[in-house]
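Enquirer: Listed below are the residues making up each chain.
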Amino acid sequence: MLQIEGLSSGYGRIRVLKDIDITLRKGEIVCLLGANGAGKSTLLRTISGILKADSGRVIFKEMDITNKRPEYIVRIGIGHVPEGRQIFGELTVRQNLILGRYCKKVEKKEMERLMESCFSLFPVLKERLNQRAGTLSGGEQQMLAIARALMSEPEILLFDEPSLGLAPIIVDKIMRNIRELKDRGISILIVEQNINAVLEIADREYVIETGRIVIEGSTEMLNNNKTIKESYLGM
Amino acid sequence: MGEYSHLFQFFFSGITTGSIYALIAVSLVIVYRVSQLICFSQGEFFVFGALFMATLISKGVSLPLAFVISLFGSMAMGGFLQWLLIRRIQGSSIGNLIVMTIAIFLALRGLALIIWGRESYVVRPFTESQPITFMGASLQLQVFWIAGITVFVLLLIWFFFEKTMLGLAMRACAENPLGASLMGISVNRAAFFAWAWGAAIGAIAGMTICPLLFTQYTSGVMPMVKGFIAMSIGGLSSIMGSVIAGLMLGLVESYTIGLISSKFSDAIVFTLLILVLLIRPSGLFNSQR
Chain C
1 MLQIEGLSSG YGRIRVLKDI DITLRKGEIV CLLGANGAGK STLLRTISGI
51 LKADSGRVIF KEMDITNKRP EYIVRIGIGH VPEGRQIFGE LTVRQNLILG
101 RYCKKVEKKE MERLMESCFS LFPVLKERLN QRAGTLSGGE QQMLAIARAL
151 MSEPEILLFD EPSLGLAPII VDKIMRNIRE LKDRGISILI VEQNINAVLE
201 IADREYVIET GRIVIEGSTE MLNNNKTIKE SYLGM
Chain U
1001 MGEYSHLFQF FFSGITTGSI YALIAVSLVI VYRVSQLICF SQGEFFVFGA
1051 LFMATLISKG VSLPLAFVIS LFGSMAMGGF LQWLLIRRIQ GSSIGNLIVM
1101 TIAIFLALRG LALIIWGRES YVVRPFTESQ PITFMGASLQ LQVFWIAGIT
1151 VFVLLLIWFF FEKTMLGLAM RACAENPLGA SLMGISVNRA AFFAWAWGAA
1201 IGAIAGMTIC PLLFTQYTSG VMPMVKGFIA MSIGGLSSIM GSVIAGLMLG
1251 LVESYTIGLI SSKFSDAIVF TLLILVLLIR PSGLFNSQR
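Protein chains in written order, with the numbering used here: chain C, 1 to 235; chain U, 1001 to 1289.
Check the hints yourself; a few may be wrong.
[Stated by the list, open to error] Just a sample of chain C residues kept apart from chain U, beta carbon distances all over 12 angstroms, derived:
id, residue
1, E5
2, V30
3, E62
4, N67
5, G138
6, A145
7, I228
[As the list claims (entries may be wrong)] Straight-line distance between alpha carbons at most 27 angstroms, and here's what the computed DSSO-like set of lysine-lysine pairs gives:
id, chain 1, residue 1, chain 2, residue 2
8, U, K1163, C, K108
9, C, K105, U, K1163
10, C, K104, U, K1059
11, C, K109, U, K1263
Since the hints were derived computationally from the structure, they do not count as laboratory data. Everything numeric in this text was worked out from a predicted model, so none of it was measured. Yeah, the Cβ is synthetic: ideal placement off N, Cα and C, and Gly gets one too.
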C-alpha cells in the first residue's frame, strides 16, 4: 500500500531522517515508536508533502508520490491527523468537517452522507455540530481531527501522537476508534509515545532512534522480547 | 433646530468618511488574516480604482459599466501583484514582506503619476439630483450610495467567509496554516485571493467616494493611514472591530472639524490611536489571542 524506501529528510540543512525503509500493507496498523525528536513526525510530514525529502522515495499503490504537494497527497487518499490536532478553533465543527473535504468537490447530499458516516464513529460531534471547535474538550477535538481527515475518504491515515494530552480513559476510546477505522478498511500508520496504548491495536512496529530504524517486528515479537522492551521502549 | 442641524450634518459627513476608512481597514484585515501581513500598498488600489473609473467615464463608458470594469481590473491587479512579487519572497521574514508592500505602494504611486499626471479627477454622483434636506442637514445622495455599498460589501464578506468553501479555507489558512495544508488547502492560493479581494474592496472605497472627493495620484496615502489606524484600533484581525473603528474615526474627525477646527482633526485621530495602543495594545475589539 505504502512503501518508503531510503527516505532522508529534515528541516533546512538539518537532516532528521536518515535512510528510512518502511512498509505499510493494506489493512494494517503499523506503529512507529521512538523518543521525542527521533524523527517520527518528520516522517509523517514528509509523506504528506509538508516537508521535502532530500533523497529516497515514497510509493503509494505503485505510484511515486515523493515530494508531491500536500493537496495532491490528500486527494489521492492519504489523510493526516496531525500532532496537536490542528483543528480550526474559530470555525464550527461543521465548518471544520466541510474543510476536511476541500480536496475533492462533492454535492451537498454526499457531504451530508460523509458527515453521517463520521457521526456513526463519533456521535458526540453531531451534538456539537454548530459549536465553535475551540470550545470542545481535548478528546472531542481529537475526534474532530480524525473525523475531518475521514471526510476526504482516505485509504491511508497517518496519525501523529493521537493520545497527546488526553486522559487515559479517552486514550482508550481513541485507540478503539482507530481500531474501528482499520475494520472499515483504512490502513494506518501511527506515531505514538504512549506505547502501552498503541501496542493494544498495532500489528507491527518500527522503532526509530535518532532518525534511523533500529528495530522492526510484529507486536507479538516485541511483547515477547524483554531486552527490546527494556532498552528501547523503557517498559 | 439651527444648532442641531449642524450636528446632523457632521454626523453624515462622519459616516461618509468613516465608511471609506472602514472599507480600507477591512481590505487590510482580509490580507492580514490570511498572510499575517499588513499591506501598505492598499491605498493605491483606492487611487487606481477611482482614477481608472474616471478615465473610463471620460471616454464615454457608462458609470455602472466603468465601476464594474475598474473593480475587476483592480482585483486582477491585486492578485497579479501577490503572484508576481509577494509569492516569490513568501517565507522570508515579515520585515522583508512589509518592505515589499511599501515598495509596491511607491511603485504604484509612480505609475499613477505617469498615467494620470498631477491633475485631480472627479466623477459625477451615482444618482444625479439636488442634495436633499434631512433634519435641517443638507445631504448629497452619494452619501447613501457610500453607506449602502459599504453595508452590501460587508454582507458579502460575511457571506463569503461564513458560507463558501473558499472563504472557510481562507480562514483556516489564517488560523492554522499547517492544519490547512494537510486538508489540501493551498496557502498560496488563499493569499492570492486575499490580495484580489483586498484590492477590490480598496477600489470600491475609491470609486464610491470619487464623486465627493477630488482624487489624484497621491490621494491614497491618507485613507491608507486612516484605514490602518482603524484596523489597529479594531485589533488587526477583526473585521467587525475595524468597521466600528473606521466609522468611529470618521465621526471623531468630522465632529472635530466641525466643532473645533480642521487643523486638529488628524492630531486627534492619531492621539486616539496612541491612547488605544497604550491602554489596549491588542485593540479594542480583539477577542482572540
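Enquirer: All hints are to be evaluated individually against the structure, with a verdict given for each.
Expert: Verification of the supplied hints:
{"no.": "1", "hint": "E5", "result": "23 angstroms, holds"}
{"no.": "2", "hint": "V30", "result": "20 angstroms, holds"}
{"no.": "3", "hint": "E62", "result": "22 angstroms, holds"}
{"no.": "4", "hint": "N67", "result": "14 angstroms, holds"}
{"no.": "5", "hint": "G138", "result": "16 angstroms, holds"}
{"no.": "6", "hint": "A145", "result": "8 angstroms, violated"}
{"no.": "7", "hint": "I228", "result": "32 angstroms, holds"}
{"no.": "8", "hint": "K1163/U with K108/C", "result": "13 angstroms, holds"}
{"no.": "9", "hint": "K105/C with K1163/U", "result": "15 angstroms, holds"}
{"no.": "10", "hint": "K104/C with K1059/U", "result": "45 angstroms, violated"}
{"no.": "11", "hint": "K109/C with K1263/U", "result": "61 angstroms, violated"}
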